[in-house]
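Q: Residues per chain, in single letters:
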Amino acid sequence: MAAIAEPLGRARSRTYPQSGLLSYLTTVDHKKIGHVYIAASLFFFGVGGTEAFLMRLQLIRPGNTFISAATFNQLFTMHGTTMIFLAVMPFFIGFINSVVPLQIGARDVAFPRMNALSLWLFILGGLFLNSSWFLGGAPNAGWFNYAPISATAYNPGPGIDFYDLGLQLAGLGTLMTGVNFIATIVNMRAPGMSFMRMPLFTWTTLVTSVLILFAFPPLTVNLFLLMFDRLLGANFFNVTHGGNVLLWQNLFWIFGHPEVYILVLPAFGIFSEVFPTFSGKSLFGYDTMVWSIVAIGFLSFMVWTHHMFAVGMGPWVNSVFAITSMLIAVPTGVKIFNWIFTMWGGRVRFTTAQLFAVGFIPIFVIGGMTGVMLAAAPADLQFNNSYFVVAHMHYVMIGGSLFGILAGLHYWWPKITGKLMNETLGRWHFWLVFIGMNVVFMPMHFLGLLGMPRRVFTYSASLGPAVPILNQISTFGVVILIAGFLFLLWNIIWSFRRGEVAGPDPWDARTLEWSIPSPVPEYNFAAIPLVRGRDAWWVEKTEGNGELVAAKIPGAHNERGIHMPSPSWLPFVMALGLFVAAYGAIFGALPVIIVGLGTAVFCIYGFIVDNDKGYHVMPHGAVGEVGDK
Amino acid sequence: MSTKEVELTHDEQTPEERQAQSNRVLGFWIFLGGECAFFAALFGTYISLASNTLGGPSPSTLFDLPLTGVMTLLLLTSSLTMVYAFMQMERGNFASMKLWIWVTALLGLFFLEFQAYEFTNYWNSGLHFSTSAFGSAFYTLVGFHGLHVAFGVFWLLSLLTFSLKDGITPANTSKVWIAGLYWHFVDVVWVVIFTVVYLIGKVSIH
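Those protein sequence lines, which keep their order, are chains A and B.
Here my numbering runs 1456 ahead of the position in the first sequence, where the first position is 1.
Here my numbering runs 74 ahead of the position in the second sequence, where the first position is 1.
Once the Cα atoms are required to be at most 30 Å apart in a straight line, the calculated BS3-like pairs of lysine-lysine come out as: (1) A:K1488 - A:K2069; (2) A:K1997 - A:K1737; (3) B:K172 - B:K239; (4) A:K2069 - B:K172; (5) A:K1487 - A:K2069; (6) A:K2069 - B:K239.
Among the chain A residues that face chain B by a calculated CB cut under 10 Å, a handful are: (7) M1644; (8) L1669; (9) N1678; (10) P2010; (11) H2019.
Read the hints as simulated data drawn from the structure, not as lab findings.
From the three backbone atoms N, C-alpha and C, an ideal C-beta is built for every residue, glycine too.
Put together the whole structure using the sequences plus the hints.
A: If you want it as structure tokens, here you go:
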């Protein structure tokens, strides 16, 4: 037995499942929460990928009738919404949960129960959104759901309501994650871990959390306004009663553009961990890396109307926002060069994680270049609503976000599971995904320039002979991508069944998470470490004796063991209450809404009055482990 | 309990407990940052739609400044009584602290009653939620503020009834502190509402 648990106070009388699937419902352990985030994101990634595949099948030839226009609208809406809100963002949050407290030498996050609440709101919000397929039709107005297409007059079905309430649930969870990790990073760093010693993944988490904090409330408001319009007869977007449809667009993109950076900054953080580790060098230009993240975070709030160039805001507004949009290329370019210089002169090991990091550079640069093209407002009027935009966004989202996720997955997999993945399978996975994504999306640049509009369920043969051929190439590329992801699944199963035991530090890495056992014990660090430099673990390996130095913390009762928060049913039950209330709102059942909201309010009350004293565990191998107490 | 005793308990705290209290206060400040963005979006919505009255009641014909003036007075006074509660907490007077929190919650309840009266009045004067974009925006902005006040009252009452049983302990101090922080924040939002919605609406939007 690794640990002895001694419950304190009222926790003594409660019993909670300690292991197994059920323990995940009550867990407040950031690592377990991270596991669920990652598993659920993989599931939603499969859902979103299937939707994309169906769309590519429909577009394989002109005038195809495989999928109707109505279904196609639902598919592209749900593909975008699922990938952004339910796959990419929570995948990063999964890594953040699994790694950031370890990187700063903390035993937990600032608010463990709120962390669990975030998780369940995301999962139940995602399930709620996807249940729309079976309950009257999925949302069909695009992931940015423009009014008035989303108004009751043009969209009477429940799909938009599912979008609205589903994102409200998931968004609330994300907002709380943002609050939680700002507090964790600012307040819970181990002694010696100054801001300018923090690993880059922690830095990007901090900036991402700030973006979440200020970007999600405008989305919340926007979703409320739409809900009031649809369910209560308000007039925010109803022009005949004084409403304004541009209000939706502005509020949405004030959220939506920072959201793009929420989706890519954590990936930048992952690459900034992977490059130094597999190049055997410290990160080139740490300070400029930090400041360019901060600059990108700031600029991300200054560019939102570049999504609205075609609306007719006039040349002044368009010019200003074109310039701020192009400015973002500067700090991003700085980062690209710093990553390349990190590898320069290093002993580069091409593991799967490193392959994804290296592969990211050309793909992301292509996506960045088309981004600058789109930022030029006059040119944007030509590209607008064509497949060129689709190509651009997927080069950025796959090259940046997805490659970041896959690099992170292969990099931290041994830390999370304690087992290694198969590098040969990993290489097959990388090359198939790398080639496949180019085959799928490179032709889309030319399809856009040839005049093929995005979000239309079919196209005419009159666009020219090249258009069907390019579409076929693109659809064929999806097959390569699917093959690539089958290798990932194979690798995951292989690792669970036959993977070698990884040990604490399989990559000879640099940051604190590699100094502790894999998988990580529930208390993380047997003793809170003293951080003695940037790349804290590398410093101990090269300049110390290869072990962490324990920090002296005044008043720490080490003989009592390590204090842990108790598991709790409140987060799950509260999320469940809101989930039920959301169904009540969809079907206009007032009693269901009252029961659901009542449950949630009861749980809030529980949070306010609960005085959880937690319990203590003895770290494995500590002095006086058994019998002393 | 005297001041000295409070300090004594503070020394007995474990590092985890001190950490939890400092997390609570910092986390709440961060949350208020998000609340600022929330109300900023609501204010932006209101300002952009307030003049679209469609021949229905407009801000200048509708608003009753003496009534909202009294509401402002009530809420500002409740911030003062919350400060009194803090002062009593710092002096270690548990009973007086609880008394001032009761007064604060009560003033909040009075405010809500006035708001209910105000909304009923406007509703009867022909401004419904779906009358015009102004109507939707007004009830949404001011209503969300009212919901915040209601939640604040619920919070203070929960603290009084269940949470503070052990007297003035360090843990309870941070709980009262963040509840007070929330209460002051909601007050500040009301001051902006009073200015942007009522004062400016009375003189400039016809």
